[in-house]
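J.: Starting from the known structure of chain A, fit chain B onto it as the hints suggest.
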Amino acid sequence: MTIAVAELRVEDKLFLNRYLVDAGGPHIKVRPHEKPSPNLIALTRVCPAKCYELNDKGQVEITADGCMECGTCRVLCEASGEIEWNYPRGGFGVLFKFG
Amino acid sequence: MTAEKFDAIVIGAGMSGNAAAYTMASRGMKVLQLERGEYPGSKNVQGAIMYADMLEKIIPDFREDAPLERHPVEQRFWMMDNTSHTGMHYRSDDFNEAKPNRYTIIRAQFDKWFSRKVREAGATVLCETTVTELAHDTNGKVIGVRTDRAGDIIFADVVVLAEGVNGLLGTRAGLREMPKPETVALAVKEMHFLPEEVIGERFGLKGNEGCVIEAAGTISRGMTGLAFLYTNRESISLGIGCLVSDFASTMESPYALLEAFKRHPSVRPLIAGSEVKEYAAHLIPEGGYKAIPQLFGDGWLVVGDAAQLNNAVHREGSNLAMTSGRIAGEAIFHVNSRRNPMTKENLALYKTMLDNSFVVKDLKKYKDMPALLHTNSCNFFMTYPQLISQAAQNFLRVDGTPKIEKEKATTAAFIKARSRWGMVSDVVRLAFAWR
Chain A
1 MTIAVAELRV EDKLFLNRYL VDAGGPHIKV RPHEKPSPNL IALTRVCPAK
51 CYELNDKGQV EITADGCMEC GTCRVLCEAS GEIEWNYPRG GFGVLFKFG
Chain B
1 MTAEKFDAIV IGAGMSGNAA AYTMASRGMK VLQLERGEYP GSKNVQGAIM
51 YADMLEKIIP DFREDAPLER HPVEQRFWMM DNTSHTGMHY RSDDFNEAKP
101 NRYTIIRAQF DKWFSRKVRE AGATVLCETT VTELAHDTNG KVIGVRTDRA
151 GDIIFADVVV LAEGVNGLLG TRAGLREMPK PETVALAVKE MHFLPEEVIG
201 ERFGLKGNEG CVIEAAGTIS RGMTGLAFLY TNRESISLGI GCLVSDFAST
251 MESPYALLEA FKRHPSVRPL IAGSEVKEYA AHLIPEGGYK AIPQLFGDGW
301 LVVGDAAQLN NAVHREGSNL AMTSGRIAGE AIFHVNSRRN PMTKENLALY
351 KTMLDNSFVV KDLKKYKDMP ALLHTNSCNF FMTYPQLISQ AAQNFLRVDG
401 TPKIEKEKAT TAAFIKARSR WGMVSDVVRL AFAWR
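Protein sequences appear in the order of chains A and B. Quick note on numbering: the UniProt record's numbering labels position 73 of the first sequence as 73, and the sequence is numbered without any gaps. Quick note on numbering: the UniProt record's numbering labels position 374 of the second sequence as 374, and the sequence is numbered without any gaps.
Pulled out of the complex, with its shape left as it was, chain A reads as follows:
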């Protein structure tokens, strides 16, 4: 008997969540850079919401809409100044139904 455990891509997972996106101001910004550090590159794999991606120039970009506000990127890249991390405005961002 095959047992059904649906395989979920990270995009499918994020689709399950409830967000109130602050269209006016993303709460995380990547500072302009030439060559990303190893930690910044790692975020393209380690961010649990896959918010970070490499563009065709080899630089790291962020789309923070699916961010779960865990802070992993802040711990890895804020001290070096590569990213700027703020909380979303009150009421915005991820809204966990179960947590």
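Derived by calculation from the structure, the hints in this document are not laboratory data. Just so it is clear, the structure is predicted and the values come from calculations on it, not from any experiment. Among these hints, one or two may not hold up.
If you anchor each label on the Cβ, the simulated ranges turn out as follows [said to hold, decoys possible]: (1) B/92 <-> A/31: 54 to 64 Å; (2) B/92 <-> A/9: 32 to 42 Å; (3) B/133 <-> A/22: 12 to 22 Å; (4) A/35 <-> B/275: 39 to 49 Å; (5) B/401 <-> A/57: 51 to 61 Å; (6) B/234 <-> A/15: 13 to 23 Å; (7) B/177 <-> A/22: 21 to 31 Å; (8) A/57 <-> B/51: 50 to 60 Å; (9) B/67 <-> A/6: 20 to 30 Å; (10) B/94 <-> A/31: 50 to 60 Å; (11) A/54 <-> B/180: 23 to 33 Å; (12) B/315 <-> A/15: 23 to 33 Å; (13) B/263 <-> A/31: 32 to 42 Å.
Just so it is clear, CB atoms sit at the ideal spot from N, CA and C, and this is done for glycine as well.
T.: Same frame as chain A, now just chain B:
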């Protein structure tokens, strides 16, 4: 905001913030609690197991209306390789008691309940309000906060920072350092829904009995990590977490780890046919005793995850959070009731009380454990689980090989993988760290 002044402002409506706010408000203090989420719990993530004793000390009759899921009667510890698990199970009917020792909970629901109690105790709770900075006087004393609602300072005698593991305010104000990648774990989690009776059948549970599985091994791909599966009434919380420093160096993706754990032959049948309704991620403090920051100062205290108060060995976080919040509330009330100022000197009472509680005593006991598990994590999370699985299979599989040869093969495998000296050293280091 008006120029109204509060006895205390609590930042955050998680376990520690709610405990602190409740403790102070129920003693008649004028408390304002600020939460950036739409409702209390909307930013909070936990496994989650809640220990009764710590909540009883705050709200003795919580069982009457708190949203509790199941009380675990069975705990399974699994050491996993890619196709097997070697387990230790403990199940006892003693856990079916009138007042069970622990419960699985769903944080967003639990936190709403806790927050209602805080409001009933008399605190003002303001949600959808992000505190943007702490306000100081010219001497550096914290005198209140600024929020994204209005530019004016909201004043208070003392500010309790219950802002969680990823708290920005305390670190930006220079009150503590930001967590280091090796002192926090990133955990991802899914909520799998199944009918109540299906969960009962699969885990051999009746009524509100629950089962807890905690698993380590090749599922973390050599990283320091742990996976978990907790039964709720009609859902299963399941997740995996590893150190952020390990994620960064291995470039593993947490969602890929979670998918592999779900698909493991030991896990797959337990969640088969479930409907996933949420995916969450959160950091867990893992630094232990040595990572505890300065806990108090002029006009402020820090509690819970923000203070790294988490016992990684016993997987206890929310009870340390609740207890630190309660103790902070009691210490502040003590100072307040004597009409003393909220100076660093007077608020040192919080640390004295916390040092004498299980919170700091437990963390002190395991002060060397993070260093042990975080160095050469491959041995504990990859090599040993594989060796143990091979040994168990070698012991159980009957294929005509004489037993003496089987035993020799098992011993040889251990020595080859870790060397005699390596194993002795691992055991000694583990024993010392556990002591």
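J.: Next step is simple, just say for each hint if it's right about the structure.
T.: Right, here's what the structure says about each hint:
no.: 1; hint: B/92 <-> A/31: 54 to 64 Å; verdict: holds, 55 Å
no.: 2; hint: B/92 <-> A/9: 32 to 42 Å; verdict: holds, 41 Å
no.: 3; hint: B/133 <-> A/22: 12 to 22 Å; verdict: holds, 19 Å
no.: 4; hint: A/35 <-> B/275: 39 to 49 Å; verdict: holds, 44 Å
no.: 5; hint: B/401 <-> A/57: 51 to 61 Å; verdict: holds, 60 Å
no.: 6; hint: B/234 <-> A/15: 13 to 23 Å; verdict: holds, 22 Å
no.: 7; hint: B/177 <-> A/22: 21 to 31 Å; verdict: holds, 28 Å
no.: 8; hint: A/57 <-> B/51: 50 to 60 Å; verdict: holds, 51 Å
no.: 9; hint: B/67 <-> A/6: 20 to 30 Å; verdict: holds, 28 Å
no.: 10; hint: B/94 <-> A/31: 50 to 60 Å; verdict: holds, 57 Å
no.: 11; hint: A/54 <-> B/180: 23 to 33 Å; verdict: holds, 26 Å
no.: 12; hint: B/315 <-> A/15: 23 to 33 Å; verdict: holds, 30 Å
no.: 13; hint: B/263 <-> A/31: 32 to 42 Å; verdict: holds, 38 Å
Of the numbered hints listed earlier, not one is contradicted by the structure.
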